[in-house]
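**Student:** Starting from the given sequences, assemble the full structure and let the hints guide the process.
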Amino acid sequence: FVSYQVEILDWKTKEQLCFLDKVEPNATIREIRSMFHKFYPQWYPARQSIKLDPKGKSLRNEEILQHLPVGTTATLYFKDLGPQIGWTTVFLIEYTGPLFIYFLFYFRMPFVYGLDERFTSSPHPVVNLACICHSFHYIKRLIETIFVHRFSHGTMPLRNIVKNCLYYWGFAAWLAYYINHPLYTPPSYGKKQINFAVIMFLLCEAGNFSIHVALSDLRRDGSKTRKIPYPTKNPFTWLFFFVSCPNYTYEVGTWISFTIMTQCVPVGLFTLLCFIQMTIWAKDKHYTYLREFKDYPSVRMPIIPFLL
Amino acid sequence: MAAGGGGRADNGYGGQQPRRGEGPGALATADLVYQGFLCICALPNASIMFLLSCRWLVIAVGLVRAYLAKGSYHSLYYSIEKPLKFFQTGALLEVCIVPSSVVLTAFQVMSRVFLTWAVTHSVKEVQTEDSVLLFVVAWTITEIIRYSFYTFSLLNHLPYLIKWARYTLFIILYPMGVSGELLTIYAALPFVRQSGLYSISLPNKYNFSFDYYTFLILVMISYIPLFPQLYFHMLHQRRKVLSHTEEHKKSE
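In the order they appear, the protein sequences are chains A and B. For the first sequence, UniProt numbering gives the first residue as 1, with consecutive numbering after it. For the second sequence, UniProt numbering gives the first residue as 1, with consecutive numbering after it.
Rather than coming from a laboratory, the hints here were simulated on the basis of the structure. No experiment lies behind these values; they were computed from the predicted model shown. Among these hints, one or two may not hold up.
[What the hints assert, rightly or not] In silico DSS-like pairs for lysine-lysine, Cα to Cα no more than 30 Å straight-line:
1. A:K12 with A:K22
2. A:K55 with B:K205
3. B:K124 with A:K14
4. B:K124 with B:K82
5. A:K227 with A:K192
6. A:K192 with B:K205
7. A:K12 with B:K205
8. A:K140 with A:K79
9. A:K57 with A:K233
10. A:K163 with A:K283
11. B:K124 with A:K191
12. A:K191 with A:K233
13. A:K227 with A:K294
14. A:K285 with A:K140
15. A:K79 with B:K240
16. A:K38 with A:K55
17. A:K163 with A:K192
18. A:K38 with A:K22
[Said to hold, decoys possible] From the derived model, a few chain A residues whose C-beta atoms are all more than 12 Å from chain B:
19. Q5
20. Y44
21. R47
22. I146
23. S152
24. G170
25. Y178
26. N195
27. F196
28. R226
29. L239
30. V267
31. I280
[Unchecked claim] Using C-beta positions, here's what the derived DEER-type ranges look like:
32. A:I276 with B:H236: 32 to 38 Å
33. B:I221 with A:G154: 35 to 41 Å
34. B:L92 with A:I161: 33 to 39 Å
35. A:P54 with B:E125: 55 to 61 Å
36. A:M109 with B:P190: 52 to 58 Å
37. B:I171 with A:Y296: 43 to 49 Å
38. A:I139 with B:F215: 52 to 58 Å
39. B:Y223 with A:I276: 26 to 32 Å
40. A:N61 with B:V113: 35 to 41 Å
C-beta atoms are modelled at their ideal positions from N, C-alpha and C, and glycine is treated no differently.
**Tutor:** Structure representation (structure tokens):
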């Protein structure tokens with residue numbers, strides 16, 4: 001029985017921050033993080049990046065000391081990731097904002113359109129419909145965050161939340177302003193356009209929800225490893241035959257339908273930005289799948305079947 | 001060349017018709033063509049830099065000739081209007097070629113294209129302002145030095161004078177250019193408000209509104225955080241580069 005010694009150095013200055021004696025060979029990085037935390041209470045485990053190489057990737061909590069390429073005296077490097085916030089918390093804040101901000105405009109708070117228009121309501125039914133759809137979308141997201149999603153990373157840096165909130169909340173305010181404006185013009189093709197948009201909206205929301213449930217089921221056993229998602233009996237999941245990230249596909253579809261429903265340029269711009277961002281995420285995920293799984297279905301594209 | 005031929009009946013001060021038709025049409029077109037060509041062909045980088053710096057010399061020479069020809073500087077914008085527009089817009093291509101931070105270069109090029117097209121070209125009344133001359137002169141001098149710097153660097157024969165000039169003259173030229181730009185935008189404001197330039201108001205079937213006047217004011221405000229950052233970045237670079245040369249000289 002050989003016990004290990006672990007020294008932890010600062011990744012930049014290389015100064016020794018802590019020396020752990022008599023560490024079990026089968027200790028996990030999670031345990032090492034919690035030991036380090038005892039020495040430095042301000043650096044809770046989520047904000048510790050522990051790596052083998054100063055410029056390398058952070059080690060996962062599940063890694064075991066004796067399986068790492070280290071001798072019996074292991075040298076690890078520490079980097080402070082800064083204050084962290086849980087993904088669930090982030091999502092809750094990000095999505096509650098737009099929900100309530102939209103209402104400020106829908107109910108025409110006095111400071112929005114002026115005192116003359118305060119608390120009035122729009123003569124156009126599509127404006128009420130848009131409010132219902134927008135709210136439904138964000139309530140669905142909140143429910144998914146609480147009950148459905150299983151995150152592989154626990155936390156993200158705190159400064160991200162400022163950036164993300166500015167983006168989501170800012171755009172929600174901008175598009176709500178125009179849709180609920182007294183001078184709003186309803187869609188050019190009238191009821192036909194609106195009905196088409198509503199049907200597309202509902203289908204995409206159902207699709208998006210189905211995919212989230214399917215992805216969540218892959219991790220029902222509580223594991224954090226990646227698995228290839230496959231189509232299930234639910235027809236909405238059959239998009240998995242063609243695409244790696246159908247949840248993003250459906251999400252873009254939702255916003256396109258909302259743009260058609262409201263015929264509003266700011267909504268269109270938001271849709272475009274969503275599309276760009278999700279394409280980047282989808283490509284990332286797609287290439288990660290390709291790298292990790294040799295038998296990954298080759299027909300699949302990242303976000304748009306056959307195209308992108 | 002840039003000054004063109006053709007006499008003028010007035011004394012050259014303010015309020016005249018912008019001249020069209022005269023000007024380096026052929027030269028500017030040739031410039032655009034070979035810029036595109038450069039990107040495709042594998043010319044050695046140094047030659048590219050040298051050719052890029054020539055454009056600014058064209059503008060500088062144009063300015064000087066126009067001034068000598070007319071004895072005043074109020075209408076100098078018209079003399080260099082076409083080459084300025086072509087060269088500045090063509091500068092978009094350089095964001096990829098120039099050996100500097102992509103973000104900073106892109107930002108600088110974008111702000112210049114904006115000043116050239118969205119302000120000075122779009123608001124005719126502003127073209128006779130002194131502030132236009134202020135920023136054109138500042139840009140011209142800065143760019144000639146900058147491109148010479150890149151050219152010589154790539155040839156590995158960088159005279160200290162050029163390096164010194166690049167990292168020192170900006171101390172005057174940056175504020176000069178920024179003042180010219182801000183004054184020009186400020187001068188354009190009343191005309192934009194009056195004519196409703198580039199603005200769209202509700203109601204309309206796209207449910208969108210945009211007020212160019214407010215946008216320009218926001219652009220002016222954005223200079224407050226952005227300009228000091230760029231300026232201090234250059235000052236920091238100056239300390240790094242020039243002190244490094246000092247040490248290098250001492251060690252020789």
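**Student:** If a hint holds in the structure, say so; if it doesn't, say that too.
**Tutor:** Consistency of the hints with the structure:
| no. | hint | result |
| --- | --- | --- |
| 1 | A:K12 with A:K22 | 26 Å, holds |
| 2 | A:K55 with B:K205 | 54 Å, violated |
| 3 | B:K124 with A:K14 | 61 Å, violated |
| 4 | B:K124 with B:K82 | 14 Å, holds |
| 5 | A:K227 with A:K192 | 42 Å, violated |
| 6 | A:K192 with B:K205 | 16 Å, holds |
| 7 | A:K12 with B:K205 | 57 Å, violated |
| 8 | A:K140 with A:K79 | 37 Å, violated |
| 9 | A:K57 with A:K233 | 38 Å, violated |
| 10 | A:K163 with A:K283 | 22 Å, holds |
| 11 | B:K124 with A:K191 | 45 Å, violated |
| 12 | A:K191 with A:K233 | 34 Å, violated |
| 13 | A:K227 with A:K294 | 12 Å, holds |
| 14 | A:K285 with A:K140 | 23 Å, holds |
| 15 | A:K79 with B:K240 | 28 Å, holds |
| 16 | A:K38 with A:K55 | 25 Å, holds |
| 17 | A:K163 with A:K192 | 38 Å, violated |
| 18 | A:K38 with A:K22 | 16 Å, holds |
| 19 | Q5 | 42 Å, holds |
| 20 | Y44 | 33 Å, holds |
| 21 | R47 | 28 Å, holds |
| 22 | I146 | 34 Å, holds |
| 23 | S152 | 31 Å, holds |
| 24 | G170 | 14 Å, holds |
| 25 | Y178 | 5 Å, violated |
| 26 | N195 | 19 Å, holds |
| 27 | F196 | 17 Å, holds |
| 28 | R226 | 33 Å, holds |
| 29 | L239 | 31 Å, holds |
| 30 | V267 | 8 Å, violated |
| 31 | I280 | 18 Å, holds |
| 32 | A:I276 with B:H236: 32 to 38 Å | 33 Å, holds |
| 33 | B:I221 with A:G154: 35 to 41 Å | 40 Å, holds |
| 34 | B:L92 with A:I161: 33 to 39 Å | 35 Å, holds |
| 35 | A:P54 with B:E125: 55 to 61 Å | 59 Å, holds |
| 36 | A:M109 with B:P190: 52 to 58 Å | 33 Å, violated |
| 37 | B:I171 with A:Y296: 43 to 49 Å | 57 Å, violated |
| 38 | A:I139 with B:F215: 52 to 58 Å | 35 Å, violated |
| 39 | B:Y223 with A:I276: 26 to 32 Å | 28 Å, holds |
| 40 | A:N61 with B:V113: 35 to 41 Å | 49 Å, violated |
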